[in-house]
Amino acid sequence: DAGITQSPRHKVTETGTPVTLRCHQTENHRYMYWYRQDPGHGLRLIHYSYGVKDTDKGEVSDGYSVSRSKTEDFLLTLESATSSQTSVYFCAISESSTPEAFFGQGTRLTVV
Amino acid sequence: DQQVKQNSPSLSVQEGRISILNCDYTNSMFDYFLWYKKYPAEGPTFLISISSIKDKNEDGRFTVFLNKSAKHLSLHIVPSQPGDSAVYFCAANPRTGRRALTFGSGTRLQVQP
Numbered sequence: 002d003a004g005i006t007q008s009p010r011h012k013v014t015e016t017g018t019p020v021t022l023r024c025h026q027t028e029n030h031r032y033m034y035w036y037r038q039d040p041g042h043g044l045r046l047i048h049y050s051y052g053v054k055d056t057d058k059g060e061v062s063d064g065y066s067v068s069r070s071k072t073e074d075f076l077l078t079l080e081s082a083t084s085s086q087t088s089v090y091f092c093a094i095s096e097s098s099t100p101e102a103f104f105g106q107g108t109r110l111t112v113v
Numbered sequence: 058d059q060q061v062k063q064n065s066p067s068l069s070v071q072e073g074r075i076s077i078l079n080c081d082y083t084n085s086m087f088d089y090f091l092w093y094k095k096y097p098a099e100g101p102t103f104l105i106s107i108s109s110i111k112d113k114n115e116d117g118r119f120t121v122f123l124n125k126s127a128k129h130l131s132l133h134i135v136p137s138q139p140g141d142s143a144v145y146f147c148a149a150n151p152r153t154g155r156r157a158l159t160f161g162s163g164t165r166l167q168v169q170p
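Heads up: the sequence lines are chains V and S, in that order. Throughout, our numbering is defined as the position within the first sequence, counted from one, plus 1. Throughout, our numbering is defined as the position within the second sequence, counted from one, plus 57.
Hints in this document: simulated from the structure, not taken from any laboratory. Any given hint could be a false lead.
Restraint-style ranges between C-beta atoms, simulated for each label pair [as the list claims (entries may be wrong)]:
(1) S:P139 x V:T83: 18 to 26 Å
(2) S:A127 x V:G4: 37 to 45 Å
(3) V:D39 x S:Q167: 18 to 26 Å
(4) V:V113 x S:Q167: 29 to 37 Å
(5) V:K54 x S:P97: 41 to 49 Å
(6) S:T102 x V:S85: 26 to 34 Å
(7) S:H129 x V:R109: 32 to 40 Å
(8) V:L76 x S:H129: 33 to 41 Å
(9) V:E60 x S:A127: 43 to 51 Å
(10) S:P136 x V:G17: 50 to 58 Å
(11) V:G41 x S:E72: 26 to 34 Å
All residues carry an ideal CB built from backbone N, CA and C; glycine is no exception.
Just chain V, with the same shape it has in the complex (with noise of 0.2 Å):
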């Protein structure tokens, strides 16, 4: 497995609270990626990372921020959370000369 901790594993917020969910990586990859996971909808990425202090948005960005100081952390925040936030997070890693992205265990997170 590839060296890749999401923290936390569960989390129960309440509407209009902010959280942050972690990511820690040891294989020292370049590039890191935040996707959601709801039913029928697949995996949809949410904000990427293409080195320290470059970040991008993807297609469902909205009501998230991201952030990553270190190359081995990749932070993301929600500023006020929603009940349409509940869901499923995966971090990914890649490194830059294959596109094979290597995931974390994920992340549930419940707004109530």
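The hints should help you fit chain S onto chain V, whose structure is shown.
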């Protein structure tokens, strides 16, 4: 607008038979295609891939076929085993622009013993 489509939400096959999972795409800029397998409560795991310069790639029981003119790819699993029961996602990577995979909605495969 889904650029990668998996039109069959589920598929059931008997153990030992062939499983065929299908995927269609609309973006002609995609040049690399991948299949991922996902078990419940786990992250997706990479299974097999194919470059747009090829029309077939084989790895053990798994074969991916690419038909560029039809913008269609398929994953064949022969013979199917109960442990293959999972959700399978098709994904595509573009030649230029945003370097990130676009996924289909997945097909749940159930292999009956």
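Evaluated hints:
Under the hint 18 to 26 Å, the C-beta atoms of S:P139 and V:T83, about 40 Å apart, miss the expected range. S:A127 and V:G4 have their C-beta atoms about 39 Å apart, which keeps the hinted 37 to 45 Å range intact. Between V:D39 and S:Q167 the Cβ separation comes to about 21 Å, which falls inside the hinted range of 18 to 26 Å. Taken as a hint, the range 29 to 37 Å holds for the pair V:V113 and S:Q167, whose Cβ atoms sit roughly 32 Å apart.
For the pair V:K54 and S:P97, the supplied restraint of 41 to 49 Å is violated, since their beta-carbon distance comes to about 36 Å. As the Cβ distance of S:T102 to V:S85 is approximately 28 Å, the hint placing it in 26 to 34 Å holds. For S:H129 paired with V:R109, a C-beta distance near 34 Å keeps the hint of 32 to 40 Å intact. Taking the beta carbon of each, V:L76 and S:H129 are about 38 Å apart, inside 33 to 41 Å as hinted.
One distance hint, 43 to 51 Å for the beta-carbon pair V:E60 and S:A127, is violated here, with the actual separation near 25 Å. Under the hint 50 to 58 Å, the C-beta atoms of S:P136 and V:G17, about 52 Å apart, fit the expected range. Separation of V:G41 from S:E72 is about 28 Å and conforms to the stated range, judged on CB atoms against 26 to 34 Å.
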